[in-house]
Structure formats: structure tokens, C-alpha cells
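Q: Residue numbers (the UniProt record's numbering), protein chains in the order written: chain P, 1 to 358; chain E, 1 to 328.
Think of the hints as simulated: they come from the structure by calculation, not from any bench. Since the structure is predicted, the reported quantities are computational estimates derived from the model, not experimental observations. Each residue gets a CB set at the ideal place from its N, CA and C atoms; glycine is no exception. Be careful, since some hints might not be right.
Unchecked claim - For each label pair, taking beta carbons as the anchor points, the in silico distance ranges come out as:
no.	chain 1	residue 1	chain 2	residue 2	range
1	P	Leu297	E	Pro116	24 to 32 angstroms
2	E	Gly37	P	Leu301	29 to 37 angstroms
3	E	Pro116	P	Gly112	26 to 34 angstroms
4	E	Met101	P	Ala195	49 to 57 angstroms
5	E	Gln4	P	Ala195	55 to 63 angstroms
6	P	Ala313	E	Met101	31 to 39 angstroms
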Amino acid sequence: MFYREAGDFKTSYVDDSQTFPIRFDRWRYYAILAVAFGAAPLLINDYWANAVFVPFLIYAIAAIGLNILTGYCGQVSLGTGGFMAVGAYACYKLMTAFPEVSILIHVLLAGGITAGVGVLFGLPSLRIKGFYLAVATLAAQFFLVWLFNKVPWFYNYSASGQISAPERTILGHAVTGANTTASAKYFFCLVILFALAWLARNLTRGTVGRKWMAIRDMDIAAEIIGVNPLTTKLSAFAISSFYIGVAGALFFAVYLGAAEVGEAFGIQKSFLILFMIIIGGLGSIFGSFAGAAFMVLLPVLLKNVLVGQLGWATDLAAHVELMIVGALIVIFLIAEPHGLNQLWRLAKEKLRLWPFPH
Amino acid sequence: MSDQILFAMEVTLNGLMAGVMYSLVALGFVLIFKASGIFNYAQGVLALFAALTLVGFQNGQVPFAHLINAIFGTNLHHFGWHLPAVVAIILTAAVMVLLAMIVEKFVLQHLVNQAPIILFMATIGLAYFLEGLGDIMWGADIKKLDVGLPQGANEAFEAVTDSVFGFGLYIDNLDIVATVVAALLVLSLTLFSQYTKYGRALRAVADDHQAALSVGISLRFIWVLVWSIAGIVALVAGIMWGSKSGVQFSLSLIALKALPVLMLGGFTSIPGAIVGGLIIGMGEKLFEFFAGPLIGGATENWFAYVLALLFLVFRPQGLFGEKIIERV
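Just chain P, same shape as in the assembly:
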């Protein structure tokens, strides 16, 4: 009824190539932005920010990053946790070395440093393909975590081996450290996520994105039609690592406050983010959001039901949770291997015909 192109006339190329060609989609998008930027920061409290919203926003950035590499460019990576650690430690070193510079610049620089490291570990992708590459990226994961554990310079020789974020402000509001309000954390992450998601969406539908997809679909064929595999694969590694590095920096500085590398950025994190993009949908920005929301909400929900409602011991609940998460992942892959994004697409197709499907 409302959701269709009919009557939505396009009179210029700009109109024709916009991200949301259907008017209803556009309104929905503006409405979500208005709620996210306008209403949510006023209503949010500490529990919701720490348990749901801040991790969701940060994981969404990381998921977009990994989706660029795996979903758009077809290079499976299991090194996400290691690259997040690079972002976190780069941010920490910059924060403590240049306290007078804005935290926003530090976060972006941390992303840039991670991009460099990503390119370095992306180099073998020119020779190694498929699962061999996936396992090869584990080298990055284990080596980087080991490096941040063993070289004291990275954690400023602190006795505990941990890094902890000092207080930094933006426009007079603390965004890191103990005095941060829930809405400041939320808003800071939201602004970065919005900017990066907008950038990713536009990158993936332009020349760069098309080259990535050509490489993903068949790299030899892409090479023959003139896509340079070196620059294409490495640009995917660089941009993906930039996103993951920013996510790592935020995860440490804003969300955790203090981090120990093996615990916060271990291999489980790599799998978690890979799950997000598989469940959300490979090669889709919306899918990254949906997958991040799913994987953040699921444990919170299960914990509330099992420990809160049924009153089970936490260790038993943790094991049941592990089983349920595992089973749900398998069920989900069987029911919809193309992820939440595909369900969303189907729903939209149905909506177009609604209420007169025939």
C-alpha cells in the first residue's frame, strides 16, 4: 500500500542512483536516524548502554569492516580479534603520548595504523586462497595477541599488563574514563558508526566495491577483464582493517575502559564477528547491523531468562547458553544460509505486493 515505487518519479541521475530509491524506505531511514540521534541519547540509561547499545554500535563497525573483506571481496579472515587489538593498543599509545590531541583523531589514527598492519597480513592473500588463507590469517591473530602481551612498551610498562583508558573529553563531555555518562558513550559511538556506515555503503556501490565483488566472484576472470588483484585485495584489507581498528579502539577506550589483550581480543572475538556477518548476511551493510544486533542481544536475552527467570546457577546457565547459541547458529544456517538480510529482502518483496498479492 505505502511501500512501492509507483508515483515516485525520477527526473535526474542523482535521483536514480540514490541509496534508497523507494520513498517509504527513505522516510524510514530518516525516522530511524531521528530516533537514534534525537530521542535515544535522552532516554538511555547505564544498563541499556553497557549491555546492549554501545556493544551493538561497536560490533556493527567491526562487522561492516569484516563484511567488506569477507562479504564483498571474498577473503575469509579469522584475524579480526588481532586487528581489533591493534586498534586498541594504537589508540592507547596515542592517547597517552599526545594527551592534548582530540580522542576522535586518535581513534581515526588507530584505524589508520590497523589498516597498515592489515595490508601487511593481507599480502599472502595474493598467493594463498580459500581455507588456506582463513587459517593463515590466524597467524595474525595469534602473533598480534602474543606481541601485545610480551612487549611492555605497548602497555606502557604497567605492572598488571593491562591498558586502561584515561579520561578524554569532546566539547567538554567525557567520552572515555570513569566519569563518562551513558549518553556520551552512546552518542560518540553512534556518530562514528553513522559516518563509517555511510562511507561503506557508498564505497561498495562505486568502482572500488565493484572491483571487490569481481575478485570475490572469480579472481582469475576479474584479472582478465582488467581488475588488478594486488590493489583490489590490498585495498579491501586496508579499508576493512581500518574499520576493525576503529572498532577495536572504541571497544577498548569507550566500552571496556581497561583491557587485557588475550581476554578482550582473543580468537573468540574473531569468531563472534564472523558469526555476525554470516548470520546478518554476507555482502550487505544492513546485514552487518542485523547480525551485530542478533549476536549482542542473544546472550543478554538468554542470560535474563536462564539466570533471571529460572534462577539457575550461572555456570550451568553459561553451558546451556553455549549449547543454545551453537544450536541456533546451526539452525539459522540451515534455515537461511544467506542470513537476516535475505529475510529482510523477502519481507520487502512481500510488502510491495501487499495487500493485493495476486
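Let chain P serve as the given structure and place chain E on it in line with the hints.
A: Frame of chain P, contents of chain E only:
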């Protein structure tokens, strides 16, 4: 001979023995990858699950005791019997076969023709599930596994090397047993796949799923078979690792130790798994011995991966993997 060289020799020997243990896990991976093209991340958790089940049977634990107690408020823990090791092992092997059937029925059957990464993620989901299941069934505490394998230093070997070099080299009896078992396992798997009807069917499926189907080989049966074999290999690995370091959660992480072995040896080669394991085991122990003290130690976590990575840059299909031929 100087102490340094002798010590390096001992490190090399122990590295080779550790490599055999990695190979035991890698073998299960190779079997499944060959027969179904599935990269089975759950192999390490299978070993943990098998070891937990074995200990549970041996000690007569009540499965799901913790869960039942939580729901019904009872206080169950043990049946109060102790099974002999052999009976427990046979029972556990039966459980692994049953598990293979369940996995085939509820997971693999529904994922035929999906992209490899989807199958890979499904096995990670399976790994989570089995990890939770194992903990709920048998409890998460560290358990001691004792099936009567010899342990401790091998005195005969120490005496011989002492008389030759004037310095007794240390070898654990358990490692010797593991080596013999691994050799037997590879031998019997090779014989099985070369000289039996089912072995031929297995190789046919590994070669080409569709061609195998069209000559009347049941893909489902082969998958159950291969997952059962992988489960039993996991049981063997679980017994060895469990006897060495106790049955606990960290046992499932040996999958991560087996991955570089696979990369080095090639995902499709059984001898590759053995040779890769030996190279990785020896390499990482020697590297830790020589370079570890200089750069802070604990290099075993990543050295194997970096070694395999560097190796793959020169030979992308691994040592014994099938040559990757790419066509447009």
C-alpha cells in the same frame, strides 16, 4: 658433545613427540575434509567430548546430573560403579558413532551444496553446542583420565643414551605409546581405504561427489562412516591428550594446534598430516628453545602459524596437497 647440542637433541625429540600428538588431531580434519570438503572446526571439541564421555563412563557419573539437580532439586552424581577401561572405550566409541549419525541427520543433510564457508560456520556452531553439551553432561571440572597407559620417563631410553652420549635423554612413555598408536592408526586407515569396499567408496566420494552418487554410492552412509571414523580418531586423540594433561576445556583448543599442521601438510593428505605434525612440533620447540628466551617466550602460540604461512607463500597447496588448478 657439548651440553647445548645434547639439550637441543632432547628438545628436538620432544618436539617430534608433540608433533605426533598434533597429527592425531589433524588426521580427523583431513578425513572429513577429503570425504566431504567440510573444514571441520569441531574436531578439537570432538576430542574433548570423547575424553569427557570416556571419563564419565569409567567413573560411573550420572549424565546431566547438574541439570537434573537444578530442575528437580535432587542430588545425583554417581551411579557408584567403575567400568574397566576397555568397556568404557568401546562404549565411548559407540557414542561417537551415534553422534556422527545425529550430526549427519540434523546438520549435514540439510547443508548439502552450500558454500564451504557456511559449512565451516556450521561446524563452529556444532563446536559450541558440543562444548556446552559435554560440560552439562559430565561437569566442567578438570578430570583425570587414566586408561592404564604407561607414563613418566622411559628409563631404558635414558640408560641407552646415557651410555652413548654420557647424558640421558628424557622421553615420556606416553609419547612413545602415542607414536605407536598414531603409526597404527595411519597404517590401518591406509589399509582400510586401499583394500576394502567401503574404503574404495570413500575415495570415490572424495574424488567426486556426483560421480560417486551416479555409480550408486550412498553419500549419506559415507558421511556417517567418515564422521564416525573421525570421531574415533578424536577419541584416540582425546585419550592421549587427556592422559597427558587432564581432561578440561583447554583440550578443545588443540584444534587450533592442528590447523597449522594441516596447512603445512595439505588439507587432503593423510601422510601430510603426519609429516606436517612432525615439522611443526619440532620447529616450534626448537624455535622456543633458541629464540624464545631472546624475545620473551611463549612463542609456541604463533610460531606454527607463521611457519605455515611463510611455507604456503611458496607452495599454496601445502606439502602434499593436491595441486590447485584454476580455470576461468
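Q: Determine for every hint whether it applies to the structure shown.
A: We went through each hint and held it up to the structure:
no., hint, verdict
1, Leu297(P) / Pro116(E): 24 to 32 angstroms, "holds, 28 angstroms"
2, Gly37(E) / Leu301(P): 29 to 37 angstroms, "holds, 35 angstroms"
3, Pro116(E) / Gly112(P): 26 to 34 angstroms, "holds, 33 angstroms"
4, Met101(E) / Ala195(P): 49 to 57 angstroms, "holds, 51 angstroms"
5, Gln4(E) / Ala195(P): 55 to 63 angstroms, "holds, 58 angstroms"
6, Ala313(P) / Met101(E): 31 to 39 angstroms, "holds, 32 angstroms"
Checked against the numbered hints above, the structure breaks none of them.
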